[in-house]
Amino acid sequence: MQSSLKVFKFGGASLKDAEGIRHVGTILQGFKDETLVVVLSASAKTTNHLEEVVNAYFDQSGDIEAKLAIVRNHHQKILEDLFPQGHEVFSKVNDTFVEIDWIIEDEVHDTYDYIYDQIVSIGEMLSSDIVNAYLNSIGLKSQFLDARDVIRTDETWREGWVIWPDTEALMIEKVKPMLSNGGFVVTQGFIGGTKDNQTTTLGREGSDFTAAIFSYCLDASGMYIWKDVAGVLTGDPRIFDQVTKIDRMSYKEAIEMTYYGAKVIHPKTIKPLQNKNIPLYVKSFLNPEGSGTMVSEMEEPSYPPVVVVEGNQALLMISTRDFSFVAEHHLAKLFELFAEHRLMVNMMLNTAISFSVVVPYVKNRIEALSRIIEDEFSIVVEPGLELITVRHYLEDTISDLKSNKIVLLEERLPKTCQFVVKDAPRMIRKDA
5 MQSSLKVFKF
15 GGASLKDAEG
25 IRHVGTILQG
35 FKDETLVVVL
45 SASAKTTNHL
55 EEVVNAYFDQ
65 SGDIEAKLAI
75 VRNHHQKILE
85 DLFPQGHEVF
95 SKVNDTFVEI
105 DWIIEDEVHD
115 TYDYIYDQIV
125 SIGEMLSSDI
135 VNAYLNSIGL
145 KSQFLDARDV
155 IRTDETWREG
165 WVIWPDTEAL
175 MIEKVKPMLS
185 NGGFVVTQGF
195 IGGTKDNQTT
205 TLGREGSDFT
215 AAIFSYCLDA
225 SGMYIWKDVA
235 GVLTGDPRIF
245 DQVTKIDRMS
255 YKEAIEMTYY
265 GAKVIHPKTI
275 KPLQNKNIPL
285 YVKSFLNPEG
295 SGTMVSEMEE
305 PSYPPVVVVE
315 GNQALLMIST
325 RDFSFVAEHH
335 LAKLFELFAE
345 HRLMVNMMLN
355 TAISFSVVVP
365 YVKNRIEALS
375 RIIEDEFSIV
385 VEPGLELITV
395 RHYLEDTISD
405 LKSNKIVLLE
415 ERLPKTCQFV
425 VKDAPRMIRK
435 DA
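Numbering-wise, the numbering used here comes out as the position in the sequence shown, counting from 1, plus 4.
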């Protein structure tokens, strides 16, 4: 049975500076008498900067401290803008940075993905330390919760798989008593913990999924994602002009859109909500009174064309060295290797002696795959591509999107068209 609990998620753009955090406080003032779990991402760009720290640590490039200083200085500036000197949150944030200091003082002796989780996860810890302290400072009762204590995962570093029975039990044991005390519970997105208390992350941009986990386990009445856009739009406003907002959307359509790469909602978010019929509201952080988009169980309305653009894609053209047919046993082996190297197949085409797939361009993973199959297969990698997906497509829309592009691969289904493109070379007429 659903409770009166609501789960709010604020992304990094909402927390980019002191002004943004004050605005979060203003939004939450309007819900001060309600029961809320507030899930927070890292402050804007912090995850990117911490990834650079991880890379510098593994490369032993000598500029680890300089890269970490960017993160320290950013959060120090936020602290100084929000709190008087001597506030206890300064030492709490400093203690959080010490967790990184301990790691980078040692020589590299763990895998990249494991170290990634231990360092990059600190971004969410920092933002939740600061926001929790700020909310209490303005009279909003707030309790800090370490998400690693309640979201139990396996040891798949950088893509932790949630162990749902353990997570539900921990939520009931630890979170429900906190909620009964009144006030908000402030916690982190993106992160979880193993049974051995090792930190994991749930996949890039995984804070939406965290909010869905809390919503599912605590039977929330609704989940709210606060974005810097008006709701779910028909395209990325940074790429396209004249995008429009979709007011209502079914779970099914939201799952399809996020599967194909729509960035407004993390792909894993919808299914836990659908399983318990919990509505999702995508609201504007900049215009809280706006209607946003509601995702729920509903009859499918008529949707306009929705365009999703995924950059940084690579086309892998794999063929047998002996010119034999690419048979089922070849495909079985290749897909096993795709899974092992965590290369998500976004599109594929099979011919007699070749198999082409489109995957995100993760250089080290593709190189590792290539080394394993090189005795049996030849592989040609073409990076720098875009995968364009159009739901509910019209021919005019497809034609416009292909303008000045070379189409390398295309596939059409009744409601979905996908094509992989690269920019066409410019033709310059010679002077007569």
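Mixed in with the good hints there might be a few duds.
To be verified - Computed list of lysine to aspartate or glutamate pairs in EDC-like fashion (alpha-carbon distance at most 20 angstroms, straight line):
no., residue 1, residue 2
1, 71, 55
2, 280, 303
3, 426, 386
4, 249, 172
5, 280, 301
6, 272, 209
7, 10, 21
8, 10, 303
9, 409, 380
10, 256, 232
11, 20, 209
12, 275, 386
13, 406, 150
14, 178, 200
15, 71, 109
16, 180, 209
17, 10, 23
18, 180, 223
19, 10, 177
20, 419, 303
21, 280, 314
22, 199, 260
23, 275, 223
24, 10, 223
25, 426, 240
26, 267, 390
27, 96, 159
28, 178, 150
29, 419, 404
30, 49, 304
Please keep in mind that the hints were generated in silico from the structure rather than gathered at the bench.
Consistency of the hints with the structure:
Proximity of residue 71 to residue 55 is assessed by CA-CA distance (about 10 angstroms); at most 20 angstroms being required, the pair is judged to hold. Distance hint between residue 280 and residue 303 is fulfilled; the C-alpha atoms sit about 17 angstroms from each other, no more than 20 angstroms. Of the supplied pair hints, the one linking residue 426 and residue 386 holds, its CA atoms being roughly 10 angstroms apart against a limit of 20 angstroms. Among the hinted pairs, residue 249 with residue 172 is inconsistent with the structure: their alpha-carbon atoms are about 35 angstroms apart, more than 20 angstroms.
For a cut-off of 20 angstroms, the pair hint linking residue 280 to residue 301 stands: about 10 angstroms separates their Cα positions. Annotation: proposed proximity of residue 272 to residue 209 holds, straight-line Cα distance about 10 angstroms (limit 20 angstroms). Simply put, residue 10 and residue 21 have alpha-carbon atoms about 25 angstroms apart, too far for the 20 angstroms limit, and the pair is violated. A distance of roughly 24 angstroms separates the Cα atoms of residue 10 and residue 303; the hinted pair therefore is violated under the 20 angstroms criterion.
Note on residue 409 and residue 380: the hinted pairing is violated, with a Cα-Cα distance of about 33 angstroms set against a maximum of 20 angstroms. At most 20 angstroms may separate the alpha-carbon atoms for a hinted pair to count; residue 256 and residue 232 exceed this at roughly 24 angstroms. For the suggested pair residue 20 and residue 209, the alpha carbons sit about 15 angstroms apart, so the restraint of at most 20 angstroms is met. Restraint check for residue 275 and residue 386: the C-alpha separation of about 34 angstroms exceeds 20 angstroms, so the hint is violated.
Taken as a hint, the residue 406 and residue 150 pair is broken in the structure, with Cα atoms around 47 angstroms apart against an allowance of 20 angstroms. At roughly 18 angstroms between alpha-carbon atoms, residue 178 and residue 200 fall within 20 angstroms of each other, so this suggested pair holds. For the proposed pair residue 71 and residue 109, the alpha carbon gap of about 15 angstroms is at most 20 angstroms, so the pair holds. Restraint check for residue 180 and residue 209: the C-alpha separation of about 26 angstroms exceeds 20 angstroms, so the hint is violated.
In summary, the hint linking residue 10 to residue 23 is not supported, as the alpha carbons are separated by about 24 angstroms, beyond the 20 angstroms threshold. Between residue 180 and residue 223 the alpha-carbon distance is near 11 angstroms, which keeps this suggested pair within the 20 angstroms criterion. A distance of roughly 18 angstroms separates the Cα atoms of residue 10 and residue 177; the hinted pair therefore holds under the 20 angstroms criterion. With a C-alpha separation of about 16 angstroms, the suggested pairing of residue 419 with residue 303 holds against the 20 angstroms cut-off.
The hinted pair formed by residue 280 and residue 314 fails the criterion: a straight-line CA distance of about 30 angstroms is larger than 20 angstroms. A hinted pair counts as satisfied when its Cα atoms are at most 20 angstroms apart, and residue 199 with residue 260 does not qualify at roughly 33 angstroms. Between residue 275 and residue 223, the direct Cα distance comes to roughly 14 angstroms. Compliance with the 20 angstroms bound is thereby established for this hinted pair. A C-alpha spacing of about 9 angstroms is found between residue 10 and residue 223, which places the hinted pair at or below 20 angstroms, so the restraint holds.
Distance check on the hinted pair: residue 426 and residue 240 sit about 19 angstroms apart at the alpha-carbon level, within 20 angstroms; holds. As the CA atoms of residue 267 and residue 390 are separated by approximately 15 angstroms, the hinted pair is consistent with the 20 angstroms bound. Note on residue 96 and residue 159: the hinted pairing is violated, with a Cα-Cα distance of about 28 angstroms set against a maximum of 20 angstroms. With a C-alpha separation of about 10 angstroms, the suggested pair residue 178 and residue 150 falls inside the 20 angstroms cut-off, and the hint holds.
For the hint pairing residue 419 with residue 404, the CA-to-CA distance comes to about 18 angstroms; that is within 20 angstroms, so the pair holds. Restraint check: the Cα-Cα separation between residue 49 and residue 304 comes to about 37 angstroms, which exceeds 20 angstroms; the hinted pair is violated.
The structure does not agree with the numbered hints 4, 7, 8, 9, 10, 12, 13, 16, 17, 21, 22, 27 and 30 stated previously, though it agrees with the rest.
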